[in-house]
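When the count follows my numbering, it moves up by one through the sequence shown with no breaks and lands on 828 for the last residue.
Hint data in this document are derived by calculation from the structure and do not stem from the laboratory.
All figures in this text were calculated on a predicted structure; none of them were measured in a lab.
Take the hints with a grain of salt, since some may be wrong.
[What the hints assert, rightly or not] Dumping the calculated EDC-like pairs for lysine to aspartate or glutamate here, alpha-carbon to alpha-carbon at most 20 Å:
no.: 1; residue 1: Lys545; residue 2: Asp559
no.: 2; residue 1: Lys721; residue 2: Asp705
no.: 3; residue 1: Lys13; residue 2: Glu89
no.: 4; residue 1: Lys249; residue 2: Asp184
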Amino acid sequence: MRLSTVYARFYKSFNFDRIRAAKPGAVPRGEWENFRGQWFPYIEVRIDEHLTTVVGANESGKSHLLSAIEKAVSGEGFTRRDLCRYCEFFGVTAEQACWPHLGVTWSDVTSDEWDAIRGTLGASGPVATEFMMFREGPDALTVWTPLREGGWEPHILDGPTADRFTALLPSTYRIYSDVALPDSVPFSWIVSGNPADKRRMRDSLLDKVSSLAAMVGHDASTVVSNAPSIFGVLRPLIDELAQPARTKEDNRALDLARSLLVNLARIDPPAIAELADAIADGEDGYANALVERINHQIEQALNFRRWWVQDRDFSLRVDTREHDLFFTIRDRTGSEYTFAERSSGLKYFLSYLIQSQAHRPGTRERILLMDEPDTYLSAEAQQDLMRILRDLAEDQPERPAVQVVYVTHSPFLIDKNHAERIRVLEKGRGRDGTLVVDNAAQNHYEPLRSAFGAFVGETAFVGSANLLVEGITEQVLLAGAARSIRKAGRPENESLDLNGMVIVPCGSASHVPYMVHLVRGRDAEKPPVVVLLDSDTAGDDAVKLLKKKPLSGLLAGDLVLQLGKVGQDVGEIAEIEDLLPPGLAAAAANLCLRELSMYRAASSASVIDVELNGRPGGTGMFDLIETVLGGKNVRIEKLPFARAVVRLCEEPCEELAADVQLYLERMGRLFAELNRLRRKAEAEAGRDRLSHLVDREQQLFVRDHKRTATREEVANLLEKIENLLDSSTEAEAIRRSTQRIRRENRLEDDPLELIADMPALRVSLSALKDSLRVERQADAKAAMPVTAATSTSSPSVAQDVAYESERGGKSIESTGDEVEGDGQPAA
């Protein structure tokens, strides 16, 4: 079962839904909304089946929502102090006495789960896939199950029955955002999960009593003469006892370190005890060997390179220091640092990764809560964290998916590919309390902009690819279509990764050249940029400016795309609205007109698709709509029209299904071209030594696709590798190898089909960087005469001799040098 809705009433900042209660003709949805003879609608927050992002301004109730989920599910932690201060039941009289009210809806209930629930409740109703439960205090649990004839049946549970029922439900757990990995952890804590074992210390002291008795003797002179020996026995015990008391935060950090070593890396605590004994006995060689095995286990279990994309050569290591293991960091330079020498953001990111990976969800712990994980992380680290959370929310071979609910203030922790997962909270006026903003997913920019306090989410450059467009209308339509295509399960190339490609509105076509200058011309680090322009006069003028110096040196001309250059099944394309079929365009215009009539007296004018058929040459779709409405004395704006298109695509009706599909197919062709340019821009922005880059890309791909991959994913990898290549001999050999891989794996067929022979593909990918050497060895073997000398040598040795001879006696392995196109080692 999954959590689908959370209900809160009279709880902290959640009073009740005063807006719904005030709507004309509104009625309660059920008896659970009534209290003491009055209607108090619950504030309802829908929870996504995978991942829910909660945003809002300060004091809007975001953190209160997380605690409400915990208490509603478990029934633990109820207190009168949580009663909303401005609800009418907050007071000191007996009549006013009240508890906060919390509830949840569970959906996707399996038949086995329903049998257990029905048995606990003693219910006799039909098999159901969902039910509700409400707690109006610590000992007041009511479960509502659906009736066969419609409606809901209440089941009021006593204390023991409530406990048995709660034990059947998924439970919550938290990733704590204020706990960092410590610099070191005592051996004793790893072994026992506690500070140094005082009982063990006592036993050690008793073991030495006899020797101490001899050292002390019967007079002071004996003590003086034996003082160094007595000191050597007692000093370690005294040092341990004299350690300052650890705080609760210290203990949580040490628990985190133990979780990394014992739960995640699966290191046996007795092995740590053995390491401590080896150090005490001076067995340095044995101790160092154990430390190396510990580091190997951490590397394999944590797989940090997969998540920390800022440094793919990063590794977390441990070393020993008397009674402790201490942590060090090795980066791409090969140097090692302590945590004190690196940013605190790295420590906290490691903490979040360890907490998420070390947690092994059992049958119950299936709802992850996290409060403001962005506090200590940079923008890039936040995007890395997003990848971790998305991975947790999907089923994996080694564990089931968990539902993730987290609170954030940061636009970099918003998954723009799934705006339907965003929940925006705002604090109402006066006694309203926290309110849930409707349609936040359909309106891509408001009220998120207000919640973040600035329009930073769409204009910040954080090292990802950037798509410069003319205005906010293009931004809305591109983002909305990308989400709809992704939701339909179409290939990745036919959508946009809105987390990896930031869509930046420039204000107009004339402002695009200046934005290119801002992004690419001022800093040494030049992020990848692709430009999308209309095929009109303003777009043509912008293209001309971008081709002139100095802008031509900042952005390659083939990274500028005009809409009319993308092959489509429709006539002349000048603006993005021209991709809309007449039926969808008319429906979006009519939706705008209906919304307009809600706010001011407006005519009953409407648009029919017949009026938009057969656009005359040089007339855009939106221009034609304006002409039609102008004759009816009505006008709509482009931005509301774009939002209406997005809404119709995300909630298509049967009459518009064909038009929506056609529009998304056209947008898919545009996205395919933009993705091609994006990969090219990323390649040009990140060129490096050829063999190192090719090998790194294939290693990352194999690491992230351990079991299998789709043909599309392999094709994208090969295209990415080919964009890295230059005109050298080595590059041409790699191109020939990529073409062979395409043929062998039939990558031109169904892009969503899995690769048939993944082990063979891994071998081919690992050999890409050595393509030239493989070809020359094959040629040498084919041309080599069969002699007594060669026949007695192994084929591999003979091939290596021929290859090294051809290269002047120098082998790549022996020198480590890169090879330039003339066959000589690189300088």
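Proposed proximity, aspartate 184 with lysine 249 (alpha carbon, max 20 Å): holds (16 Å)
When you check the alpha-carbon spacing of lysine 545 and aspartate 559, does it fall within 20 Å?
Roughly 13 Å between the alpha carbons, so the hint for lysine 545 and aspartate 559 holds.
Checking one constraint from the list: CA of lysine 721 to CA of aspartate 705, max 20 Å. Satisfied? Within the cut-off at roughly 16 Å; holds.
inquiry  = Check whether the Cα positions of lysine 13 and glutamate 89 lie no farther apart than 20 Å.
reply    = holds (13 Å)
Consistency note: the structure conflicts with none of the earlier hints.
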